[in-house]
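Trainee: Just so you know, the sequences run in chain order A and B. Just so it is clear: in the first sequence, position 186 is 202 by my numbering, and no numbers are missing. Just so it is clear: in the second sequence, position 206 is 209 by my numbering, and no numbers are missing.
If you're looking for bench data, these hints aren't it; they were derived computationally from the structure. The reader is advised that the hints may include incorrect statements.
To be verified - Derived contacts from chain A toward chain B, CB cut-off under 7 angstroms, selection only: (1) Gln95; (2) Leu244; (3) Thr247.
Built from N, CA and C at the ideal position, the CB exists for glycine as well.
This is what each chain is made of:
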Amino acid sequence: MRFPTRLLVNNLVFAFLVWVAFCVVVALVAAVVALFGSLTQSAWEAAAQLPRWFALFVGVGLVREYLPMYIALGQTRRQFGTQAAVTAALYAPFLAALMTVGYLLESVLYGWADLSQRLGRVHLFTEPTQVPVVFLEHLIEFLAWLVAGGFMAAAFYRWQGGGILSVPLGVGLILLGGVALGTELSLPFIRRIAFSDPGSLTVTVGIGLGVFLLGLALTWAIIRDVPLRNTART
Amino acid sequence: MRIDVQDLVLRYDTVTALDGLTFGLAGGKIYGLLGRNGSGKTSLLSILAAFRRQTAGSVRVDGRPVFENGAVTSRISLIRESGEAVDIGTAEEALSYAEWLRPDWDGDYARELMETFRIEPKKNVRSMSRGQRSAMGVVVGLASRAPLTMFDETYLGMDVPARRAFYDALLADYMAHPRTIIISTHLIEEVSPLFEEVLIIDRGRLVVHEETDALLSRGTSVTGPAERVETFTEGMTVLATERLGPTASAMVYGEFGEERRKRAAEAGLELGPVAMQDLFVHLTTAEGAR
Numbered sequence: 017m018r019f020p021t022r023l024l025v026n027n028l029v030f031a032f033l034v035w036v037a038f039c040v041v042v043a044l045v046a047a048v049v050a051l052f053g054s055l056t057q058s059a060w061e062a063a064a065q066l067p068r069w070f071a072l073f074v075g076v077g078l079v080r081e082y083l084p085m086y087i088a089l090g091q092t093r094r095q096f097g098t099q100a101a102v103t104a105a106l107y108a109p110f111l112a113a114l115m116t117v118g119y120l121l122e123s124v125l126y127g128w129a130d131l132s133q134r135l136g137r138v139h140l141f142t143e144p145t146q147v148p149v150v151f152l153e154h155l156i157e158f159l160a161w162l163v164a165g166g167f168m169a170a171a172f173y174r175w176q177g178g179g180i181l182s183v184p185l186g187v188g189l190i191l192l193g194g195v196a197l198g199t200e201l202s203l204p205f206i207r208r209i210a211f212s213d214p215g216s217l218t219v220t221v222g223i224g225l226g227v228f229l230l231g232l233a234l235t236w237a238i239i240r241d242v243p244l245r246n247t248a249r250t
Numbered sequence: 004m005r006i007d008v009q010d011l012v013l014r015y016d017t018v019t020a021l022d023g024l025t026f027g028l029a030g031g032k033i034y035g036l037l038g039r040n041g042s043g044k045t046s047l048l049s050i051l052a053a054f055r056r057q058t059a060g061s062v063r064v065d066g067r068p069v070f071e072n073g074a075v076t077s078r079i080s081l082i083r084e085s086g087e088a089v090d091i092g093t094a095e096e097a098l099s100y101a102e103w104l105r106p107d108w109d110g111d112y113a114r115e116l117m118e119t120f121r122i123e124p125k126k127n128v129r130s131m132s133r134g135q136r137s138a139m140g141v142v143v144g145l146a147s148r149a150p151l152t153m154f155d156e157t158y159l160g161m162d163v164p165a166r167r168a169f170y171d172a173l174l175a176d177y178m179a180h181p182r183t184i185i186i187s188t189h190l191i192e193e194v195s196p197l198f199e200e201v202l203i204i205d206r207g208r209l210v211v212h213e214e215t216d217a218l219l220s221r222g223t224s225v226t227g228p229a230e231r232v233e234t235f236t237e238g239m240t241v242l243a244t245e246r247l248g249p250t251a252s253a254m255v256y257g258e259f260g261e262e263r264r265k266r267a268a269e270a271g272l273e274l275g276p277v278a279m280q281d282l283f284v285h286l287t288t289a290e291g292a293r
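Looking at chain A on its own, in the form it has when it is part of the complex:
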């Protein structure tokens, strides 16, 4: 299999540029809040709600934009599926790494400004500087949102309006990702698995990867023989 260099690099460069812009915006908002109000917790944590939507739309774009282009340029659906899966599998850790770096940069800035980088939500990590766990949490989250976006985009591409039926399943994939992290459907037994068991991170990683693979399998079931739509205005 050919490594998806072009697809991956183009998307990674774009993600990096968006991240730089995002950092500037978050820093500005945090500075304004600190100057005119009181900044008592991590601004990066609050802002982290947005990047997962970005991941979702990257998943949508992978299928909606690149699948037709790949086929039109002589590739098979299988070749595209493999390259898109590899791209998603490497793109999610890249985004997770950027999020982790964001927390570290914030930690430095908060330290200079003598602010408390307190967390306001439940996470796998208790301190924003717990780099491996911060990375892991975002990795699992982005994998789920990416694959959910790709799955729903595939359904809408194939069945147009009928794709709406895929939304509950797509949301289900995202919720399952949240279950792996203990941030969604936080039922007692889930929390026990996620936080109390000594091997909980292994289980978390297992569920997270399971969600990703399930999403890929569902997406492949839709695109494996999908016809290219003809959108020409004749």
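Given the structure of chain A, go ahead and fit chain B onto it with the hints provided.
Mentor: Below, chain B without anything else, positioned relative to chain A:
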């Protein structure tokens, strides 16, 4: 590349787009694919390029099935007006994907074509005019140098100079790099000089598959005094008749042997060629509508 289509059927729900199509193309020529709107041209090309799977029948390119066969599809290029081959970011980004995915890509030639069509490399393809997006498709289609290259109404939106530039570039590149080219078009008179063979399909069925010269020889115009033209063409299939004062010109469909030509000369009638478009109209118009 040799193309063999056998009993090809494509259905969309209750609509039959291709209805048992069978033909073979030896390859290494420029083929014209003609048909009225909804005749099945785009459906046929889509199956040849593995854009969709057929309902029944078989399609083989160089003896191998096409759908999900990467060894074959990498050597096939179909450019449609919908622009899926180029609708990614800027013009140069779109070309970078083509360069990456097309095994026979010629980057220098692509840049040359970009200049010919005055395409700005930094311009977003989606923000281009319809004609420029069509030209982008032409650039990708030609510079891919795919052994089977197909253009489906690619010229739409292109102005006359751009279309001329396309035809010139296509012919020059075909001469330099012979391959199988199929052009589907409604601009029959404009594009037909390029065709070596013509396929006409109507309502999903093959109506004609002939060499261009053979097809054109099936039509003859008969010009002369109106009453003599009328007498001469009696019993023949007359596609249309035009009158100008005492003179009439009738378009006749069918073989025109030596004996008929002799009779026409004796009657003082002039014989001439008929445009491919007129033959096309005749071959694809329902009896009742004629």
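Trainee: Which of the stated hints cannot be reconciled with the structure, identified by number in ascending sequence?
Mentor: No hint contradicted; all consistent.
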